[in-house]
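Peer 1: Given these sequences and hints, build the entire structure.
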Amino acid sequence: MASLTDHIEDYLKKLLAISTRSYVEIQRAELAHKFACVPSQVNYVLSSRFSLARGYLVESRRGGGGYIRIYRIVNPRARSWAETLSRMEARSFDPAQALQFLKRISEEKIISWRERQMIKALLQDEHYRGLGRDEKRKIQVKLFKASLEAVLKNSY
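Counting from 1, one number per residue, gives the positions in the sequence shown under the numbering used here.
Among these hints, one or two may not hold up.
The calculated lysine-lysine pairs, modelled on DSS-like cross-linking and capped at a C-alpha distance of 27 Å, are [claimed, not checked]:
(1) LYS145 with LYS120
(2) LYS109 with LYS142
(3) LYS145 with LYS109
(4) LYS109 with LYS120
(5) LYS13 with LYS34
(6) LYS120 with LYS136
(7) LYS13 with LYS120
(8) LYS13 with LYS103
(9) LYS14 with LYS34
(10) LYS13 with LYS109
(11) LYS103 with LYS142
(12) LYS120 with LYS138
(13) LYS103 with LYS14
(14) LYS120 with LYS103
(15) LYS103 with LYS145
Please keep in mind that the hints were generated in silico from the structure rather than gathered at the bench.
These numbers were taken from a predicted model, which means no experiment stands behind them.
Peer 2: Below, the structure written as structure tokens:
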């Protein structure tokens, strides 16, 4: 069963899909009223489901005439995917962020659901039992980059 967070996320994504502009503008209080929740629940949805890692930019203006503007970041050129991958390093590699990145490029139809699931499997910590954190991250980032490069190589 879908949670309130899922319903708010779906609603905002539908608004973005039908918008004639590159963004959607909402009032936090109005959205909270529509879903019978507190404004902090709306804030939670915005911070957890509409992050940069997921391909969104959220602009907020507080006050009486305040608004929240949500932009869907348009699919960047293939070169920038290569640049993003080349900047990944083992010491700063975060599997959770990598999963968000995978979700984003899957939603944008850059990779298939199946490709996403296969790459996601490479990031599971259980496959690296007995290794230290640094060694585990080195292997994860190498496998993540190699698998994404293989899947995306037609885009470069």
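Peer 1: Does each hint fit the structure? Answer for all of them.
Peer 2: Here is what the structure says about each hint:
1. LYS145 with LYS120: holds, 12 Å
2. LYS109 with LYS142: holds, 23 Å
3. LYS145 with LYS109: Holds, at roughly 18 Å.
4. LYS109 with LYS120: holds, 16 Å
5. LYS13 with LYS34: holds, 16 Å
6. LYS120 with LYS136: holds, 15 Å
7. LYS13 with LYS120: Distance ~24 Å between LYS13 and LYS120 Cα, so the pair holds.
8. LYS13 with LYS103: The hint holds at about 14 Å.
9. LYS14 with LYS34: Distance of about 15 Å is within 27 Å: holds.
10. LYS13 with LYS109: holds, 15 Å
11. LYS103 with LYS142: Answer holds: LYS103 to LYS142 is near 19 Å, not above 27 Å.
12. LYS120 with LYS138: holds, 16 Å
13. LYS103 with LYS14: holds, 17 Å
14. LYS120 with LYS103: Holds, at about 10 Å.
15. LYS103 with LYS145: The hint holds at about 15 Å.
Checked against the numbered hints above, the structure breaks none of them.
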